[in-house]
Amino acid sequence: MRTPIAYFLVVSAALFAIGTVGVLVRRNALVIFMSIELQLNAVNLALVAFSRMHGDLTGQVLTFFSMVVAAAEVVVGLAIIVNVNRRRRTADVDDLNLLKW
Amino acid sequence: MPLDNVVFWVFAPISIGTAIAMVFQRNAVHAALFLIVNFFTIAVLYLVLDAPFLFAVQIIVYAGAIMVLFLFVIMLVGVDREESLVERLHWQRPGAIVLGLGLIAEVVAAVRAGIGFATKAPPHFDQLANKGGNPAALSRVLFRDYFFPFEVTSVLLIVAAIAAMVLAHRRRGITLAEREAEAVGGVDGSRTEPLA
Amino acid sequence: MLKSIWIVPALPLAGFAINLFVGKKLGRWAGILASLLMVASFAVALGVLNDLLKLPAEQRLFVRHLYDWIGVGSFRAAADLRVDPLSMTMVMVVTGVGSLIHIYSIGYMHGDPRYGRFFAYLNLFCFFMLTLVLAQNFLFLYLGWEGVGLCSYLLIGFWHERPSAANAAKKAFIVTRIGDTFMLIGIVLVFLRLGSLDFSHVLVSPGALAGPVRPSGVYTIIALLLFAGAIGKSAQVPLHVWLPDAMEGPTPVSALIHAATMVTAGVYLVARTHVFFEISGVALVVVLVVGLVTAVYAATAAVGQDDIKRVLAYSTISQLGFMFFALGLKAYAAAIFLLVTHAFYKALMFLSAGSVMHGLEGEADLKKMGALRRAMPVTTAVFAIGALAISGVPPFAGFFSKDQILAAANQTGHEVAWLVALVAAFFSALYIARLIFLAFSGDDRTERHAHESPPVMTIPLGFLAVGATFGGLLGLSAVTGQLQTFLAPVLGEIPEPSAGLSEATLTAISVVVALAGILVGWFVYGSGKIDWMALRVRLASVQRFLAGGWYVDDVYAATIVAPGKAGSAFLAYVVDEGVVDGIVNAVGILFQWLARVTRRVQTGFVRTYALAFLLGAVALLVYVGFRL
Numbered sequence: 001m002r003t004p005i006a007y008f009l010v011v012s013a014a015l016f017a018i019g020t021v022g023v024l025v026r027r028n029a030l031v032i033f034m035s036i037e038l039q040l041n042a043v044n045l046a047l048v049a050f051s052r053m054h055g056d057l058t059g060q061v062l063t064f065f066s067m068v069v070a071a072a073e074v075v076v077g078l079a080i081i082v083n084v085n086r087r088r089r090t091a092d093v094d095d096l097n098l099l100k101w
Numbered sequence: 102m103p104l105d106n107v108v109f110w111v112f113a114p115i116s117i118g119t120a121i122a123m124v125f126q127r128n129a130v131h132a133a134l135f136l137i138v139n140f141f142t143i144a145v146l147y148l149v150l151d152a153p154f155l156f157a158v159q160i161i162v163y164a165g166a167i168m169v170l171f172l173f174v175i176m177l178v179g180v181d182r183e184e185s186l187v188e189r190l191h192w193q194r195p196g197a198i199v200l201g202l203g204l205i206a207e208v209v210a211a212v213r214a215g216i217g218f219a220t221k222a223p224p225h226f227d228q229l230a231n232k233g234g235n236p237a238a239l240s241r242v243l244f245r246d247y248f249f250p251f252e253v254t255s256v257l258l259i260v261a262a263i264a265a266m267v268l269a270h271r272r273r274g275i276t277l278a279e280r281e282a283e284a285v286g287g288v289d290g291s292r293t294e295p296l297a
Numbered sequence: 298m299l300k301s302i303w304i305v306p307a308l309p310l311a312g313f314a315i316n317l318f319v320g321k322k323l324g325r326w327a328g329i330l331a332s333l334l335m336v337a338s339f340a341v342a343l344g345v346l347n348d349l350l351k352l353p354a355e356q357r358l359f360v361r362h363l364y365d366w367i368g369v370g371s372f373r374a375a376a377d378l379r380v381d382p383l384s385m386t387m388v389m390v391v392t393g394v395g396s397l398i399h400i401y402s403i404g405y406m407h408g409d410p411r412y413g414r415f416f417a418y419l420n421l422f423c424f425f426m427l428t429l430v431l432a433q434n435f436l437f438l439y440l441g442w443e444g445v446g447l448c449s450y451l452l453i454g455f456w457h458e459r460p461s462a463a464n465a466a467k468k469a470f471i472v473t474r475i476g477d478t479f480m481l482i483g484i485v486l487v488f489l490r491l492g493s494l495d496f497s498h499v500l501v502s503p504g505a506l507a508g509p510v511r512p513s514g515v516y517t518i519i520a521l522l523l524f525a526g527a528i529g530k531s532a533q534v535p536l537h538v539w540l541p542d543a544m545e546g547p548t549p550v551s552a553l554i555h556a557a558t559m560v561t562a563g564v565y566l567v568a569r570t571h572v573f574f575e576i577s578g579v580a581l582v583v584v585l586v587v588g589l590v591t592a593v594y595a596a597t598a599a600v601g602q603d604d605i606k607r608v609l610a611y612s613t614i615s616q617l618g619f620m621f622f623a624l625g626l627k628a629y630a631a632a633i634f635l636l637v638t639h640a641f642y643k644a645l646m647f648l649s650a651g652s653v654m655h656g657l658e659g660e661a662d663l664k665k666m667g668a669l670r671r672a673m674p675v676t677t678a679v680f681a682i683g684a685l686a687i688s689g690v691p692p693f694a695g696f697f698s699k700d701q702i703l704a705a706a707n708q709t710g711h712e713v714a715w716l717v718a719l720v721a722a723f724f725s726a727l728y729i730a731r732l733i734f735l736a737f738s739g740d741d742r743t744e745r746h747a748h749e750s751p752p753v754m755t756i757p758l759g760f761l762a763v764g765a766t767f768g769g770l771l772g773l774s775a776v777t778g779q780l781q782t783f784l785a786p787v788l789g790e791i792p793e794p795s796a797g798l799s800e801a802t803l804t805a806i807s808v809v810v811a812l813a814g815i816l817v818g819w820f821v822y823g824s825g826k827i828d829w830m831a832l833r834v835r836l837a838s839v840q841r842f843l844a845g846g847w848y849v850d851d852v853y854a855a856t857i858v859a860p861g862k863a864g865s866a867f868l869a870y871v872v873d874e875g876v877v878d879g880i881v882n883a884v885g886i887l888f889q890w891l892a893r894v895t896r897r898v899q900t901g902f903v904r905t906y907a908l909a910f911l912l913g914a915v916a917l918l919v920y921v922g923f924r925l
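Protein chains in written order, with the numbering used here: chain A, 1 to 101; chain B, 102 to 297; chain C, 298 to 925.
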């Protein structure tokens with residue numbers, strides 16, 4: 001492979017930043033959650049890139065675990081969103097402002 | 102031009118492009134679909150990085166299971182719910198964009214200071230790390246060195262499943278009126294209006 | 298028996314304690330108990346006096362050490378009691394007249410809801426007064442001094458539901474405080490310059506002082522400062538304004554405190570410390586002038602008063618002025634003689650006035666009295682005795698004491714002072730004659746049905762009348778009276794006559810002046826030949842001037858009280874409420890503002906919190922990046 005590893009890291013950083021912007025700018029809870037998934041994937045990419053660079057499979061193992069945990073997290077997170085939607089009839093995050101002063 | 106270079110230069114921009122597109126979709130379903138494409142591109146990038154097992158797992162788990170779950174919930178919540186463009190928090194968008202760009206800049210600077218933009222991947226990865234093929238090598242590391250975390254994650258998955266069942270459980274036997282009241286005000290007196 | 302002198306003040310102190318705690322339960326017995334304790338105190342004092350007289354004249358001094366009160370560094374003040382002729386004279390007056398007044402109060406205060414408390418205060422007062430006169434050092438004396446001031450406040454304001462009474466009590470306390478403060482400075486100076494506060498150590502000529510001291514001219518200052526305290530306590534000009542208002546208190550209080558005992562504390566003080574005044578010379582002149590001025594001023598003011606008790610109040614001020622006049626002439630024994638006789642006849646007159654008011658259900662205005670001699674014969678008789686005594690008509694007590702003082706004035710070269718004193722004597726006779734004739738003779742102007750007072754009140758009056766009649770025997774002749782001889786070891790001899798008229802001439806002149814005053818009083822108020830009510834209307838401005846005490850009170854109100862109130866108002870509202878409270882409130886407001894501003898961080902929107910996270914993370918990364 002002739003691509004410098006740094007390029008993969010730049011892609012990872014870009015995806016991460018885009019995911020962050022998505023979390024901050026969007027109001028729909030599901031789209032926010034999807035942006036979080038994007039962030040997780042960006043990190044996974046970086047991990048695999050480093051694993052390739054160091055010649056050590058630890059990075060790939062970590063990525064594997066990250067995917068498993070992400071799956072579990074999605075399950076629970078979506079259940080919460082379903083619950084909130086059932087109570088408040090909204091998917092808009094701005095409506096959940098009870099902690100305002 | 103070497104093949105992996107071409108593959109990279111095709112799929113990396115697609116990846117970034119679909120990510121940006123996902124963020125800007127007003128419809129949640131469209132966003133989900135763009136994300137799926139993004140996952141595919143990332144999977145290909147895994148392949149470029151000599152991680153074929155993860156390539157497969159990415160497609161199966163992420164694109165296949167997680168995004169499907171997402172789509173189910175979007176259906177449940179409301180497919181045609183369009184998010185309005187009006188942003189009430191004035192500094193949110195400019196702040197987010199500036200900080201996002203800052204983040205990228207920092208990582209680029211860190212990478213430049215760290216490994217530099219010229220370092221290529223060391224050769225002979227397949228002979229050393231991926232001996233016997235990537236799944237076999239991965240299993241060697243996974244079931245030997247990281248066996249305990251593996252078992253713990255299995256427990257985690259069970260717990261997650263139970264949690265989902267508990268959280269999403271709908272009480273049987275309450276009337277429609279009670280359900281409506283619950284939705285609006287909370288029968289147990291929980292406040293739904295902000296204090297201000 | 299000398300050693301038991303401590304019992305004399307201890308008995309009234311016990312009475313105070315008992316009446317304070319269980320007075321309510323004792324009911325009628327509170328007064329009887331208090332009076333019995335005072336009588337017992339008098340009996341013990343008699344025993345001590347008896348023992349004292351057994352000693353030869355030069356050795357009549359006994360110090361009873363109670364306990365070491367204060368000992369700090371080189372400063373020592375012990376709780377010691379001094380038994381000598383002067384202190385025993387005062388003790389007899391306090392316990393004797395005090396007992397009679399206690400008995401009188403049993404009847405006078407009958408039915409008052411705070412009956413027990415009254416006797417507790419009265420006993421406490423006697424305790425402090427006895428401490429004052431028996432003290433062997435300045436600090437112990439000051440303890441008694443302050444204590445009687447406190448009791449005076451409590452008793453003047455006894456009926457504190459009346460705002461006028463509460464104000465009078467405050468006024469008394471504050472005005473005497475002014476004097477007390479100067480006195481305290483004087484006491485401090487005594488210690489600093491003369492080395493000790495003990496009477497046996499400091500009341501000696503400068504050459505005989507023990508210890509390393511440098512008196513040099515400080516005697517004048519000390520004497521004047523102590524005299525300032527006396528001015529306040531004995532109601533001399535200019536600190537006399539509290540005494541007329543102090544008549545708001547019950548009449549027994551006026552009799553005991555503001556006639557016989559507390560106000561005489563100043564006279565006692567100057568007599569006790571006369572050594573300082575003699576060494577100084579200047580101070581003695583000041584005492585003389587103040588006394589004389591006060592005597593004349595108060596006598597004129599008394600002529601214009603309508604309230605029977607206020608006449609007596611100004612009369613007291615005037616008589617105290619006479620006493621200080623005598624002190625200024627170095628006739629210390631004469632001053633004490635007047636003090637004793639004055640105690641009798643002034644207490645007699647106050648209690649009689651109380652009897653009159655009791656019989657008229659509280660009426661005290663002379664304009665609304667008249668022809669009381671028919672309804673209240675006993676009271677009329679004893680009042681008349683007191684009036685003759687104060688006018689200086691022989692053979693009543695007042696004649697001998699006043700005559701002695703006038704003689705001392707004339708015969709030591711103070712001719713002008715003597716003449717002024719004669720004027721004061723004339724007015725003394727005038728105002729008391731006016732009182733007698735307006736109240737007891739003439740037309741009946743009362744609107745109530747008068748009746749005589751019960752025996753529990755009239756019997757003590759009888760005792761006092763006896764004292765007022767025969768008390769003169771104590772100092773029978775001008776120079777070699779028994780009292781003077783008794784006091785001589787302490788107070789020295791009366792100055793020898795050096796010039797002036799003869800004894801007989803002087804006596805005749807003073808009697809003539811007294812009779813002249815009575816005659817004028819009878820002519821205007823008693824004979825019916827002059828319409829005094831019309832005269833009063835014609836001379837209304839003069840009458841108001843005299844009645845207002847030459848408007849001294851109003852002058853004080855304008856020049857001292859009003860600026861003081863303005864100053865207090867400024868400090869209270871501007872400084873305390875404005876600045877101090879303002880600062881405190883400002884701190885609170887500052888935090889409220891701070892909170893109002895900073896709580897806007899809590900928007901309730903998850904997204905702003907997320908933005909904050911990112912901001913922090915990026916900043917941290919930048920920092921770490923720069924560090925590395």
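Warning: the hint list may mix true and false statements.
[Claimed, not checked] A short, non-exhaustive set of chain B residues, derived as facing chain A with CB atoms under 10 Å: (1) Ile117; (2) Leu146; (3) Ala166; (4) Leu170.
Because the hints were derived from the structure by calculation, they are not lab data.
Cβ coordinates follow ideal geometry from the N, Cα and C atoms, glycine included.
Going through the hints against the structure:
Annotation: B/Ile117 was flagged as interfacial toward chain A, and the flag holds, the nearest CB pair being 5 Å apart, inside 10 Å. With its C-beta approaching chain A no nearer than about 6 Å, B/Leu146 sits inside the 10 Å limit, and its interface hint holds. Hint status for B/Ala166: holds, given a least beta-carbon distance of 7 Å to chain A, under 10 Å. With a cut of 10 Å, the hint placing B/Leu170 at the interface with chain A holds, because the nearest CB-to-CB distance is about 6 Å.
Of the numbered hints stated above, none is contradicted by the structure.
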